[in-house]
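Trainee: Letter by letter, the chains look like this.
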Amino acid sequence: MATKAQSRMTPLKLFSYGFVALWLIIAAFPFFWTFWGSFKVQADFLSKADWMNALTGANTIEQTGSAFTGAGYHGAWVLEDFWFNFKNTGIVVFFTVLISLTFGTLGGYGLARSGFRYAFWILMAALVFRAMPHMTLVSGYLLWFFEWNVWGILPTTIIVLVAINQPFTLWMLHSFFKNIPKDMDESAMVDGCTRFQAFRHVIVPVMWPGVITTGLFSFLLAYNDFTVAVMLLSEENETIIPAINSFMGTTQIEGKVMYAVAAVVSATAPLFVLILFFQRQIVSGLTAGAVKG
Amino acid sequence: MKHRTFFWFILPTLSAMILFIALPIVSVFIQSLFVEHEQVLLVSESCGPFGCTPTTTVDTEATAKLQEEQPLGRFNGLGTYINRSHLAFAEIGEAWANSDSFGDFWAQVYNLPFYSALTFTLAYTFIVTPLVLALGLAIAVGVNNLPRALKGVAIFISLLPFLVTPLVGSLILFWMVDGDGVIGATIQRVFNDPSLSLKASTALTWTMLMVYGVWHTLPFSFITFYAGLQTVPDDTMEAAQIDGATKWQRLIHVIVPHLMPLVSFVTLMLIMDNFRVFEPIVSFKAEAHAQSLSWIIYNDLRESGNPLYASAGATSLITIILAVILMSPVLVRTWRDFTRKSH
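Taken in sequence, the protein lines are chains F and Y.
Our numbering numbers the first residue of the first sequence as 1 and each following residue consecutively.
Our numbering numbers the first residue of the second sequence as 1001 and each following residue consecutively.
Each hint should be verified, as a subset may be incorrect.
[As the list claims (entries may be wrong)] Calculated pairs, DSSO-like style, for lysine-lysine (alpha carbon to alpha carbon, straight line, at most 27 Å):
hint, chain 1, residue 1, chain 2, residue 2
1, Y, K1285, F, K48
2, Y, K1285, Y, K1199
3, F, K178, Y, K1247
4, Y, K1199, F, K256
5, F, K48, Y, K1199
6, Y, K1247, Y, K1151
7, F, K256, F, K48
8, Y, K1151, F, K13
9, Y, K1285, F, K13
10, F, K256, F, K87
11, F, K256, Y, K1285
Hints listed in this document are in silico derivations from the structure and should not be mistaken for laboratory results.
Here the structure is a predicted model, which is why all the values come from computation and not from measurement.
Could you build the full structure based on these sequences and the hints that come with them?
Mentor: Here it is in structure tokens:
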């Protein structure tokens, strides 16, 4: 029901449109630029002489005969075995999400249905734990993991990521389960179910929207993690993000920068697809904790 | 729910948090009380034709044995906390006594690694957070005015910088502002100074890191505020309009107060995340001009072959205490809300 006064073009409105447009360009341009540039040679991507080279690919044509080259991708995926890091990331992310959600649903359901005072203290403790910088926690693990000989392997990293993920998962699923009416599981219990049976047969079938939203954020945490993986994984078990960082450290030689660029684009692609399919869930998850207070 | 049932539901998640979040904090404290072993030295006399000279060699075997028997090192009490790399009380006292102006004193304090990292971390947190709040609100209001079809696209594009891996996102920007990159080279041309580099000065490095910080976290505040805008009651807006409030007045007096609970939530999240700033410093290779608390812990632990557990532990514990202090207003408020509800 836009009235005439609301739809009129005022300078304020014009300014706010311009502002949004500017933000969208700033948000999207770096991705577009890097994606386009990943198909060029280094002399074009990082061209001191003329930035137009990165668009036209003058040096790329000179060196490879075509305006686009997959040399960076070939270098990263085939020569530097980047697929191996992708496999490690796959394992870490899959198990982190799976275990986080299992622990989180049980705990979140318990917290939502118990009126005990200590349930509140558990949530408060989780909030404090959520604020701990990950690097401080890692500095607490390192010595012991070396002592017990569990440093460098994937299961250790998975367990640590699950634990770091718990405070957030617990808060989200707790507020989600609070919105499922108590009557549902309680009537099942009146009918003779135990608490676990009521959870299993009444709550589990209706919990998937909340679990999927929470799972997306667990996925993001595990996939984007650098701090834990770089300190706790040995070189042969590296996931993609520390691998990209070590590309940067060792490949100052001409051309190898493009391996890193290609790796960066490859690492961003799954996130792009994720946003494409789950935009609605991500937005609702971001705001779930906030709007409900 | 019975206490027993509750216990089994909460057990997995609680044990994960106790084992891998609470215990490491204790471990960090214990580590910080010890310090690395000194190397075991062997003094032997080597006699040659021109007399005997005592030579000192490191007994690697004994050192390794000692290391294995007591992996924590030797007890040092709170010594690590007050040494030069951490709180440095002696150095600060000296700087206070020797400096004739506050600027001079500050310059000396800033040279101490811990205080330099603390300054950057706090500056980053308290500059990026308000900027992100204000700009996020402006974009949310702007997008809310857009035609329906464009809103989805705007949110899709906005999500990219937020969800991208921090290390990767900052690398993408790094390649652009690098001396040979599109923005870096253009700036050099504009100022006609081929040696101008964003990495060369402290001020420019800090600006670059903060610009990245705003770029990366802006979508979070934008989307939260945008969701909040959908719940602004139409009646109140109309009433304000009828009373003659301009668009700007409605924004300040109706919309902003309505969003206040969201603002405190977003502020809490932003402070938590900005306080642990780490990846952009690695990506931008900015450590010469900007170090954060997380970064100096990382640097201690990365010391090849011989991580400085004590030093990292001390910095970690101070960082944890600071993080708790920063979020204490919110904790107190949540607690008050809870006790009010339960009575």
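Trainee: Each hint should be assessed against the structure and marked as holding or not.
Mentor: Hints and how they fare:
At roughly 20 Å between alpha-carbon atoms, K1285/Y and K48/F fall within 27 Å of each other, so this suggested pair holds. For the proposed pair K1285/Y and K1199/Y, the alpha carbon gap of about 8 Å is at most 27 Å, so the pair holds. Taking the CA atoms of K178/F and K1247/Y, the gap is near 38 Å; set against the 27 Å cutoff, the hint is violated. A hinted pair counts as satisfied when its Cα atoms are at most 27 Å apart, and K1199/Y with K256/F qualifies at roughly 22 Å.
About 16 Å separates the Cα atoms of K48/F and K1199/Y, which keeps this hinted pair within 27 Å; it holds. With a C-alpha separation of about 21 Å, the suggested pairing of K1247/Y with K1151/Y holds against the 27 Å cut-off. Proximity of K256/F to K48/F is assessed by CA-CA distance (about 17 Å); at most 27 Å being required, the pair is judged to hold. In summary, the hint linking K1151/Y to K13/F is supported, as the alpha carbons are separated by about 15 Å, within the 27 Å threshold.
A hinted pair counts as satisfied when its Cα atoms are at most 27 Å apart, and K1285/Y with K13/F does not qualify at roughly 41 Å. Straight-line distance between C-alpha atoms of K256/F and K87/F comes to about 22 Å, which keeps the hinted pair within the 27 Å bound. Distance check on the hinted pair: K256/F and K1285/Y sit about 18 Å apart at the alpha-carbon level, within 27 Å; holds.
Comparing the model with each numbered hint stated earlier shows that hints 3, 9 do not hold.
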